[in-house]
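Novice: The residues making up each chain are set out below.
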Amino acid sequence: MDLIADRGRRVTVEELNTTRLLAHARKQAHKRGFDDILIVDVDAHHYENEHYDEFLPFMENDVLRQLVTVGRSTRQRPGIVPIPTGYQDMGGRVTRYPMRSSEKTDQGQLRDVQLGHRWMDAMGVDYSCLFPTGMLNIGLHPQTEMEVELCWAYNRWLTEKVMPEAGGRFFSLLCLPFADPDAALRQVETFGGRKHVGGFMITTVRANIGVHDNAYMKVYRAMEERGLAIAFHSGVNWSDIAFKNCNRFISVHALGFTWYNIVNCTNWVINGIGERFPGLPVIWMESGLAWVPFLMQRLDHEYMLRPSEAPLLKKKPSDYMRDMYYSSQPMEIQDYDAMETTFRMINAETQLLYSSDYPHWDFDLPSTVWDLPFLSERAKHNILGGTAARLFKLAPRNEKQKANLEKFGNLAAA
Amino acid sequence: MPEKFVARLDEFKDGERRIVFVGDNEIGVFRHQGAFYAYSNFCLHQGGPACEGLTIAKVEERLRPDKTSMGLYFSESEMHFVCPWHGMEYDMKTGECVADRRKKLKKFQVVQKGDEVYVLA
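Protein chains in written order, with my numbering: chain U, 1 to 414; chain S, 415 to 535.
It is worth saying that the hints were derived from the structure and are not from the lab. Every residue gets a Cβ at the ideal spot worked out from N, C-alpha and C, and that includes glycine. Check each hint, because a few of them may be wrong.
Below, computed lysine-lysine pairings styled on DSS-like, alpha-carbon distance capped at 27 Å [stated by the list, open to error]:
no.	chain 1	residue 1	chain 2	residue 2
1	S	Lys520	S	Lys472
2	S	Lys520	U	Lys31
3	U	Lys31	S	Lys518
4	S	Lys517	U	Lys31
5	S	Lys427	S	Lys472
6	S	Lys418	U	Lys27
7	S	Lys527	S	Lys427
8	S	Lys427	U	Lys31
9	S	Lys521	U	Lys27
10	U	Lys314	U	Lys218
11	U	Lys27	S	Lys520
12	U	Lys27	S	Lys518
13	U	Lys244	S	Lys481
14	S	Lys517	U	Lys27
15	U	Lys31	S	Lys418
Label pairs and their calculated CB-CB ranges [said to hold, decoys possible]:
no.	chain 1	residue 1	chain 2	residue 2	range
16	S	Lys520	U	His212	31 to 37 Å
17	S	Glu474	U	Met217	50 to 56 Å
18	U	Tyr336	S	Val512	21 to 27 Å
19	U	Pro373	S	Lys520	52 to 58 Å
20	U	Thr350	S	Glu474	43 to 49 Å
In isolation and in its complexed conformation, chain S is listed as follows (with noise of 0.2 Å):
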């Protein structure tokens, strides 16, 4: 499978994301706490650019034993990206869609050589 090269490690912070082309597609990488994901950037909704919005913590509501709500907070643990064209919102470490997980984001793998990132498309 060909390599595409991304970035320069030293170039690419973390937090931040590259989108590649590779002909017709685009591979949206993002590094998040240390680790590089890959996804195609067409959103399974209207085929907007899925990895070039925003990204935000999933968003949970903690309950009390009795099943109160103790309201809205970001999670400490999931992060997702979202479409920028309708918010649809995937979980940044498997690419799945969060309002149904059975749609998933094509995920390429990110291979690092020497002080160079690489994505597998």
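Okay, chain U solo, but in the shape it has when bound (with noise of 0.2 Å):
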């Protein structure tokens, strides 16, 4: 397949097949040996914006499906999520962006599936969290009442027909329609239960979000009455306001993934929604590391001084974050000694979880984690799979993943 560099000049490159685009990963794979552990990926995506076809029909409202299926004729149907401006693909650099359509697969089960199991068995992953891509900025949607009926369709599409397809390999934080409370509740009392639900996931790119906001409790409570997790998935947004001054996209990508996570995580602190709702699990995801030290310091720093604002806080903000999950990527692996300080401040051993993000541009591999210098093996097994496999209740698919669960007291599902 060509594709199209510098002037026009066309360069061929071999057609996408995953399996071959990650052969190395599968190497390293082997030399480390991580079919015998556990390994769980927190945040992978599929592109579900690909698959209209399939998940817009599971719409309530006649009117509203009607109005995105009829007179829609191309796959992806372009106009039905919001798209912000970007170049994740880097101008075709990152090859499995344009080629993505090349790939084939088999008849009879689902694409995405398949392309799943491809990047997993690959890296050696054997649960993925999967996430949808488009769906991310459903938060942009200006109709409050299409977010949740989009929400609605993806989540009955993900549980019903995806996840089912997935040999139990695949399990996912739903999407939750935040922009109305009401319907984010009745999502969770009907979805919450589903196999393969660990809980649900705040898109964190939108116009107004105030996670503290008194009409959330509700949902909060029922979440944590039902054993699940909420995860905040961060993004980019060139066309907020933060950004307008911003001339390029790394400027943006690198800002903007860990601003919205910045901005929701002090509103969750400082509102001492962690005092409220102490047995639910709160999870960041896609902002890296870096920002988590900064946000410690700065919060533990003011609110050393201004207690009077953060009054139901009995313990320094910084105290609650360790008490949050972060995933990992992408781990800002520049300055070890930074990242070990890092891991330190966030006790990284019981509240990190590797992701990987593929098939997105930045993806991490489990070598990440696994080769840094200053990890115990204790961490190393709990970071890439060990803690998720607790807070998810993950069983080991072998004899020698389960031995290495119960060495570090993580076999919580057998």
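Take each chain as given, in its own frame, and dock them per the hints.
Specialist: Structure (structure tokens):
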């Protein structure tokens, strides 16, 4: 297949085959014995926006469903979910973006399941928490009722069609229509008890989001009562006023993914949500890790002088942040000393969850964690999958994995 | 040092690349503007297939004498190859990582014997 490079020059590259593309990942996994270690990827993606035909029919409202399904002939159906400006594929440099449609899959099994298993098998990943791609922008939809309907349809499709076909290797934190707290509660009540559901995910790229609003307390309570987790998945929005002065995508991407989680985490901590729902696991996703020590230091410093503005707190903000979980990717591996400090500050051994973010452009392999020179064996096992196995009650897939889970106290499901 | 056959010269056109396997090692061989360049196919970032992605000219930002920007241009002289996993770019002529030129892919010598191309690995 040809890709267009500089000045229209055509460059021939092999057609996409995920197994072939990730052959070096398989070598790494084999060399490190990853098949003997339970590895859980808590943030991987599929392109649900290429399957609108399959999940839009699950929309409940006749009028809204007709609006998005009739008269649109293309499979991808542009215009249903807002698409922020950006260049994730770097002008085709990350070849799996422009070549995605060229990858061949077998008839008779869902394409996304086959593709998912290919990258999981290559990396040595046993379980993936599957998230959408286009739907990560659902919070930018101008119609609340459409956000509710699309989340509902996606959650039904994922729990009734996709995950049941995945041989038990996919689970998900479902899309929560955060713009409508009542609808969010209904979706927790409807889907929260379904198989392969570990909790719910809030896309944080939103015009208005106050995680501390009283309207959401019933939603958090419903999740806590059911033993579910809540995740905040970050993203980018170049149109956000905060980033309008950035002239390069690198700037928006570097700042955006951290910014939205910084804001939401601040509101969560300062308003004492952790005191109100101590049994609700909270996961901050896809913001890397460097922002966490920054925010801990900022909030602790201010809290020491202004505790009257955060009266629900019984300990420092950073202590609440150490009660939360963080997905690892993209790990900012440039300075091992800084990273070691970060790991210490977040109690990585018990709070960090490996994530790949595959197939997105800045994915991390399990070796990024395994090869860190300052981690103990226990920390490596916990981060790569042990902690997630406890959190989501995931069973080992072979006897050696079981022995490793037992060794580090992570065997939660048999 | 053993020689590994890469390709017949007439079947290896300018702008193309070949990947050759030597034991567990993989070497990417490029033909660019008449010259051959060969590097380890293991990216210095996360071990991706560094030589199997796009080749694309360096992007430059040109400045006027008063330091105002004229915008972005493709270089007329510097070609890069890009690891397809994450987009890490390497200088075709040196194998240097262009974001940090202290880091280099291992380079291999390429020899022509008659109408055949070999890499010394």
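Novice: Now tell me if each hint is right for this structure.
Specialist: Cross-check of the supplied hints:
no.: 1; hint: Lys520(S) x Lys472(S); in the structure: holds, 21 Å
no.: 2; hint: Lys520(S) x Lys31(U); in the structure: holds, 21 Å
no.: 3; hint: Lys31(U) x Lys518(S); in the structure: holds, 24 Å
no.: 4; hint: Lys517(S) x Lys31(U); in the structure: holds, 24 Å
no.: 5; hint: Lys427(S) x Lys472(S); in the structure: holds, 21 Å
no.: 6; hint: Lys418(S) x Lys27(U); in the structure: holds, 22 Å
no.: 7; hint: Lys527(S) x Lys427(S); in the structure: holds, 16 Å
no.: 8; hint: Lys427(S) x Lys31(U); in the structure: violated, 36 Å
no.: 9; hint: Lys521(S) x Lys27(U); in the structure: holds, 22 Å
no.: 10; hint: Lys314(U) x Lys218(U); in the structure: holds, 22 Å
no.: 11; hint: Lys27(U) x Lys520(S); in the structure: holds, 19 Å
no.: 12; hint: Lys27(U) x Lys518(S); in the structure: holds, 22 Å
no.: 13; hint: Lys244(U) x Lys481(S); in the structure: holds, 23 Å
no.: 14; hint: Lys517(S) x Lys27(U); in the structure: holds, 23 Å
no.: 15; hint: Lys31(U) x Lys418(S); in the structure: holds, 25 Å
no.: 16; hint: Lys520(S) x His212(U): 31 to 37 Å; in the structure: violated, 54 Å
no.: 17; hint: Glu474(S) x Met217(U): 50 to 56 Å; in the structure: holds, 54 Å
no.: 18; hint: Tyr336(U) x Val512(S): 21 to 27 Å; in the structure: holds, 23 Å
no.: 19; hint: Pro373(U) x Lys520(S): 52 to 58 Å; in the structure: violated, 22 Å
no.: 20; hint: Thr350(U) x Glu474(S): 43 to 49 Å; in the structure: holds, 47 Å
In the structure shown, a violation is registered for the earlier hints numbered 8, 16, 19, in ascending order.
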